[in-house]
Amino acid sequence: MDQYVPVLIALILGGVVALVMTFASTMLGVKTHSAVKDEPFECGNPPSGSAWGRFSVKFYLAAILFIVFDVEVVFLYPWAVVFRQLGLFGFIAMLLFVLVLVVGLVYEVKKGGLEST
Amino acid sequence: MQSFIDGLIASGVFGGLPAEAIYPAMMFLFASIVVFGFVLPLVTITIWLERRVWSRIQSRVGPNRVGPQGVLQGLADGVKNILKEDVVPDAADRPLFVFAPYLLVWGFLATFVVIPFSSALVIADLNVGILYIVAIVALSAVGVLMAGWASNNKWSLLGGIRSAAQVVSYEIPAGLALLPVVLLTGTLSTQGIIQAQGWAPWDWFLFHSPFTFIAAFAFYISALAETNRTPFDIPEAESELVAGFATEYSGFRFALFFLAEWGSLYVTGAIMAVLFLGGWQIPTGWTNNTVVLNIAQLTVFFLKAYFWVFLAMWIRATLPRIRVDQMMSLCWKYLVPLGFVNLVGTAVWMVIWPEGNTFVPYLMVVGTLALLVIFFRRVLYHLRRAKPELYFNPAI
Amino acid sequence: MDFVTFFALAIPLVVVAVMVIAHPSPVYSALFLVMTLFLLAVYFLFLNAHMVAALQIIVYAGAIMVLFLFVIMLLNLQSDTLRTQRHGLGRVAIIGGVILLAELGLLLQGSSSELAESSLPENFGTVEALGSQLFTKYLLPFEITGILLLVAVVGAVVLAKR
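Residue numbers (our numbering), protein chains in the order written: chain A, 1 to 117; chain W, 1001 to 1396; chain R, 2001 to 2162.
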């Protein structure tokens, strides 16, 4: 646990620096309000309603695929670390695992899961 | 770091102070030196240098007014940003809007923590070092999404979503490209990985085998995408999305985004240097002075890391932006399969040559040098042919 | 892990966890959930489980929460429409919570507090220890996980293409 103390210190320091500077910015900066200035910037056009709306499903697909392959890559890390001790046995075990996932990747590409149209 | 402080305690610098008080105090001192003395100047100077480099590539002059050759341009921009109004749009979700830039700054500072600047200077040498970086980068996607959504602006939201989708997609090839090095060293600690390499190019993992060579560039490309650099700057494509998730931001919050962006560019270079270029390794035996040794290591490491930063500037000034679908297919159809090939290839390589092939690294160093020579000869040939008006003096 | 650090972590953890279910805006709930998972990762660090802490952040706080945020931000769920649908679930949740607490109490009765103080193996919780366990003792579950992930890919593609 001790090795994470410097991480905490660096984070606190970074937070303090960022806070002080943004605080200085709010103190020193001008403050004027007008109805037009405070509306979202959409290239000069009056904003056409709120931006919070529905989106294309392909973004979800990207996120789901990311989760699946992220879990896989994360599993590969412990394997890579102990690879020398495991020898050939570990190599074959991992080859099977990777093979199953590569089948998934090939299926996804063949089915056009990544096409954006 | 721990041993460095132990050495200082043993030499009696602190007198009779208890060790429990010295450790945090020294850590705090070192962390503040890194933040104020390294990160902030580094980022401002990198932004200035990048603008100068683009300008020279595009036959312009670039910022050269503030300070000698314009070095202080970043400082001037920072002061200007502090004096600007900090606008929060009415429609925005105020708490999230205000908080998101901090999250991004934390994200990049947190990755700085595990970078070993020299054999003694590393803030925290975690035993999950590489995995820790992967974790922090994954978290920063949340910050980008937060900024984009909280702005309640269509450009911001689109930019934030695109950026998050891009960061999470390219995390897979980046993670896969790191694995060959982990395979070779059997450790995730950044210091451990550097110690497994040597000072000479043929001892670097870049030239260990063809697979690690490809993995290095696969990682570099993925890292460019994760930091939203050209040619992957789709999330902030000016012609489509104004400034992406940063559109509604102004004042110093806007500057914080840029601090994080250029800071993570250096982090990318540093990770490349750690994993593939032998980090701070220098020839030993020529000095016994620890301080001199560490300064030499620091310089070597900085130059190696900055080489990749410079390369990113060069790429940004040269390449056009790619489309969203090209970005996605590059990731899933090329880089991810390539990552698997690299991984299996490295494993096979290790089964055949457990101690590494003795001949291939030399061959690869020679081959890379030959490629570089051919490249520069061609550039010179075309320069002679085109007879352009050249101004080689960089300081105009 | 001593008493003070435990509560210094536990109190914020419980507060943000309550905020996850108490906050009217789904986006805020998701972001509080990120914080909850992050604090849980810090807990794992205190328990010397470095690898699990890293996994917690990468997989849960990073990957899964990004998906949650995508869904929540982009579906544009209105907080008032959600509120009207809550009826009935509250009572079920209370009953479930009471049962869970009772189970926890029963479990804790049998164990002594000295259990946590027992000595750990030399490299407990490191990546090396986890790797050597995972690829020898728990190899079969590991391979089955691969198949499970394959099913997830297929399912995602099928649903998205429909």
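Please keep in mind that the hints were generated in silico from the structure rather than gathered at the bench. Just so it is clear, CB atoms sit at the ideal spot from N, CA and C, and this is done for glycine as well. Some hints could be false.
Output of the computed footprint for chain A on chain W, the stretches with three or more beta carbons under 8 Å from beta carbons of chain A [said to hold, decoys possible]:
#1 1107-1120
#2 1263-1276
Just the calculated beta-carbon pair ranges, DEER-fashion [what the hints assert, rightly or not]:
#3 R:Gly2088 / A:Leu88: 52 to 62 Å
#4 W:Leu1311 / A:Val5: 30 to 40 Å
#5 A:Val5 / R:Leu2108: 46 to 56 Å
#6 R:Pro2024 / W:Phe1038: 35 to 45 Å
#7 R:Ala2022 / A:Met27: 50 to 60 Å
#8 R:Gly2096 / W:Ala1076: 22 to 32 Å
#9 W:Val1379 / A:Met27: 22 to 32 Å
#10 R:Leu2107 / W:Thr1358: 51 to 61 Å
#11 R:Val2004 / W:Gly1367: 19 to 29 Å
#12 A:Phe23 / W:Phe1307: 36 to 46 Å
#13 A:Gly87 / W:Phe1307: 44 to 54 Å
#14 A:Phe23 / W:Ser1032: 48 to 58 Å
#15 R:Gly2105 / A:Leu88: 27 to 37 Å
Some but not every residue of chain W turned toward chain R, in silico, with C-beta under 8 Å [what the hints assert, rightly or not]:
#16 Val1066
#17 Asn1127
#18 Ala1141
Taking 8 Å as the limit, does the beta-carbon of Ala1141 of chain W come near enough to a beta-carbon in chain R? holds (5 Å)
Within 51 to 61 Å or not, the Cβ separation of Leu2107 of chain R and Thr1358 of chain W? Taking Cβ atoms as reference, Leu2107 of chain R and Thr1358 of chain W lie about 58 Å apart, which means the hint holds.
So does Gly87 of chain A sit 44 to 54 Å from Phe1307 of chain W, Cβ to Cβ? violated (37 Å)
Is the distance from the Cβ of Phe23 of chain A to the Cβ of Phe1307 of chain W consistent with 36 to 46 Å? holds (37 Å)
Cβ separation of Gly2096 of chain R and Ala1076 of chain W, checked against the hinted range 22 to 32 Å: violated (60 Å)
Just to be sure I understand the hint, the distance between the Cβ atoms of Ala2022 of chain R and Met27 of chain A should be within 50 to 60 Å; is that true here? violated (34 Å)
Grab the minimum C-beta distance from Val1066 of chain W to chain R and call the hint holds if it beats 8 Å, violated otherwise. violated (39 Å)
Status of the given 30 to 40 Å range, CB of Val5 of chain A versus CB of Leu1311 of chain W: holds (35 Å)
Whether the CB-CB distance between Phe23 of chain A and Ser1032 of chain W falls inside 48 to 58 Å: violated (19 Å)
With a cut-off of 8 Å between beta carbons, are at least three residues of the stretch 1263-1276 of chain W near chain A? Violated, because only 0 residues of the stretch 1263-1276 of chain W bring their Cβ atoms closer than 8 Å to Cβ atoms of chain A.
Is 19 to 29 Å a correct range for the gap between the Cβ atoms of Val2004 of chain R and Gly1367 of chain W? Given range 19 to 29 Å: violated, Cβ gap about 59 Å.
Within the stretch 1107-1120 of chain W, is the number of residues with a Cβ closer than 8 Å to a Cβ of chain A three or more? holds (count 4)
Checked against the numbered hints given earlier, this structure breaks hints 2, 5, 7, 8, 9, 11, 13, 14, 15 and 16; the rest are met.
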